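Assemble the complex: chain F is given as a structure, and chains U, X and R must be docked to it using the hints.
Residue numbers (this note's numbering), protein chains in the order written: chain F, 4 to 243; chain U, 4 to 243; chain X, 4 to 243; chain R, 4 to 243.
Hints listed in this document are in silico derivations from the structure and should not be mistaken for laboratory results.
Put simply, identical chains are the same to the list, so a pair is met inside one copy or across any two.
The list that follows gives simulated cross-link-like pairs (lysine to any residue, SDA-like), each with its CA atoms no further than 25 Å apart:
no.	residue 1	residue 2
1	K51	G103
2	K51	V108
3	K51	D134
4	K51	D25
5	K51	E215
6	K51	D129
7	K51	L131
8	K51	D112
9	K51	G107
Computed from a prediction, not measured in an experiment: that's the story for all the values here.
Protein chains: 4
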Amino acid sequence: MAILDVAGLRYSYDGIATVLRDVSFSVPAGSIVGLIGPNGSGKSTLIKTVLDLLSLQAGVVTVGGHAHGSPAATAQAAYLASNDYLPQFLTAREYVHTLGRLYGVRVDDDAARDLFSRFSMQGRYDDLIEDYSHGMRKKTQLVSALLLRRPLTIIDETLNGIDLEALHLAEQQLRGLRDEGHAVLLCTHDFSLLERLAERIVFLDLGEIVAEGPTAELVAEHGSLAELVFDRLDSETRAS
Amino acid sequence: MAILDVAGLRYSYDGIATVLRDVSFSVPAGSIVGLIGPNGSGKSTLIKTVLDLLSLQAGVVTVGGHAHGSPAATAQAAYLASNDYLPQFLTAREYVHTLGRLYGVRVDDDAARDLFSRFSMQGRYDDLIEDYSHGMRKKTQLVSALLLRRPLTIIDETLNGIDLEALHLAEQQLRGLRDEGHAVLLCTHDFSLLERLAERIVFLDLGEIVAEGPTAELVAEHGSLAELVFDRLDSETRAS
Amino acid sequence: MAILDVAGLRYSYDGIATVLRDVSFSVPAGSIVGLIGPNGSGKSTLIKTVLDLLSLQAGVVTVGGHAHGSPAATAQAAYLASNDYLPQFLTAREYVHTLGRLYGVRVDDDAARDLFSRFSMQGRYDDLIEDYSHGMRKKTQLVSALLLRRPLTIIDETLNGIDLEALHLAEQQLRGLRDEGHAVLLCTHDFSLLERLAERIVFLDLGEIVAEGPTAELVAEHGSLAELVFDRLDSETRAS
Amino acid sequence: MAILDVAGLRYSYDGIATVLRDVSFSVPAGSIVGLIGPNGSGKSTLIKTVLDLLSLQAGVVTVGGHAHGSPAATAQAAYLASNDYLPQFLTAREYVHTLGRLYGVRVDDDAARDLFSRFSMQGRYDDLIEDYSHGMRKKTQLVSALLLRRPLTIIDETLNGIDLEALHLAEQQLRGLRDEGHAVLLCTHDFSLLERLAERIVFLDLGEIVAEGPTAELVAEHGSLAELVFDRLDSETRAS
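The following block holds chain F by itself, in its conformation from the complex (with noise of 0.2 Å):
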């Protein structure tokens, strides 16, 4: 089963400049889908599409089986930002619990300060977010994905800069996501990161997708997903 499904989807600003076109794909349950895609990919329109913050101009997107822009599929979707974009005047327990009243979750705070236990941010649960570093704050997003494990997961970049013990850590909780059946659509250009833990790549270009399919097949077939994708960006066809 997908959690999420995109199918010929089109989109373009003011009827002029088309950023989007015939994109289809599908996160199925269980997976970790890695979304590559580079400026002008229309790769940002295509997760605001799905997280209802565009609204549909053309195609079909269902997340965990319900319509594009019903509240049930956007109780679905959890999202984090590539930015430590978080309400700096809560503590971390007032931000998960504020996101928990949205989703319709009900946060466990034992658990909440275990992962703030584990990502070395132990005892700092009750403290003003404002007070955080920015490692820190990428960790709080990231714990609050956790807590409120959805059936769909966006990390847009998220993982850029947390420090290699955090990295590693957040490796084996996206697996534990995964094994317990939700899906998680991982948008980095950390390659190897892609190669350890996504089965599948779609890899975004200029409003189409340009390569889709196993990340062990691409990667066999162009050697690593850093040549497939620079090749890409160095190819006349870009150009032109």
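Below, chains U, X and R alone, put in the same frame as chain F:
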């Protein structure tokens, strides 16, 4: 009529540390009320209670006549944070429309673009917030509150650090909100700003209101708001 | 004796856009002078010239009696930025010692730790600046200036957004610098702060000094610094 | 010839906590060496010692053949921080010229503007850094290192979070530095980046070098750098 009415508010964390003890005040329609509070005054707890980010322990809070915690109450209040807390993966247009949907307000793009121009951000309305400077983010917060025009606008140190011309324009716009019958709760320790804008002052310290009244009267009595506040910070009462 | 003396300063970018025209003022030893300037006033160009980040085109600038551009002049002036510009990979201790070496000043760790405690940052002196909140970074800038005790300290919007108690302490400390005969150039548009701290005001607009004199006299004449400044921003002279 | 030579480096804080014990490695001219280190590895202490931000306790460090602590040694090394640490009150032009003066290098504005364009920042060279987005600040750091072309460039997590095309261009430019005979020390845990760029790896853990050698050999032996590193993090040796 009071837009915000707080009566007998008490709050303690874990039943141990009392952070608010019997706090009562109101913000009338068509007025700007200044809220002054040092660290540990309970100011944050007070604001979070008004915004329904904390539940009510004792006392009565109404917003626009609606009881604390009701959806009607929360829809009355817009909050501007001291930090430039904005979702960086959205454009300003996407951001204000998302807010509009939350508050049930239709956002007029022409009015938004006009405010963007007046705050020296012409042509940036459709750019990603990620690409804004800190000053632009503060001004975008301000513009969003001016577009939403909620009965109650809470401004929490937001005007710190914006440029002089933006500050001047912001003051005019906030007077405009007031003249339309809206209420503004202005939290800052720019005392000159409070003396210019706020008809009344609420000074909270150690969980209690220690001074409250028309700004002009408090200034007449103490010389200036700064003297009122710093004398209190230096006082023996407080140290003991 | 003037610690900072600026006489007939002119500056234009690429010989076309004139940003400073015949600017003259001085900051006497043992005084705090407020500098007010909206966008486009030339305030930044003025400060950069004093700090020898821009070369002198016309006019005379001396710092502590030393000619502009001499190592002796630059060693006289400490600059606090409006933003929390600090090297995040250093601890506060490493940072202030690095500054000390630059300025040829021996930093006393006990005095530093004492100031850290008084600014509510006890026990954080040896932590990485990366792990500080924004407020702590501003306070660390302030502490470093108080440790260096240069003949001239330039404070550029640095006190915006620090908490009320830190602001109160900062004011006392700056008065202490002044009472020891040092000079402070205080750039802010917190007019109450200027009215409390600055003996004299320099108001720069469109590259010229449009008001200059003892703060008390300017306030007596215009009602308040805010009125002086906002009347000018609204004036026809300026618009034409 | 080694541009950076570290031999028998030891360091302890306050004579108690040993953070580096007998660390020896070198970065040859014309090479890119990857440095991997989790929290507590001593990586920061190592870099600060190379940059003469910490004094040498035991061991020998030379940069470009010059002894640690000599002005000649510090003039050899450019450091790019993981955070976007740049003086916000300067324009990029003012910033790179200030750096140029520090390092005794004449900065060519045409070359700078060309790099700005190639990194998608055309027309922004004379704008205040304050008005740059985070991505632009990272790219400005990178451009400044490419302009200075020091014998040794230390890149400390700087490439995290820059966009895919900037990353691709950065890799080409760093190969250019190497091909001119310069040395690059690349600190990151983007293992794919290390596998693409670094000829050799130094893996530091708990103050000691636990793996060192040609990247290809380490990958052949362990499967990937990620496996080498995460196996170590999971190992009993480390936990005990």
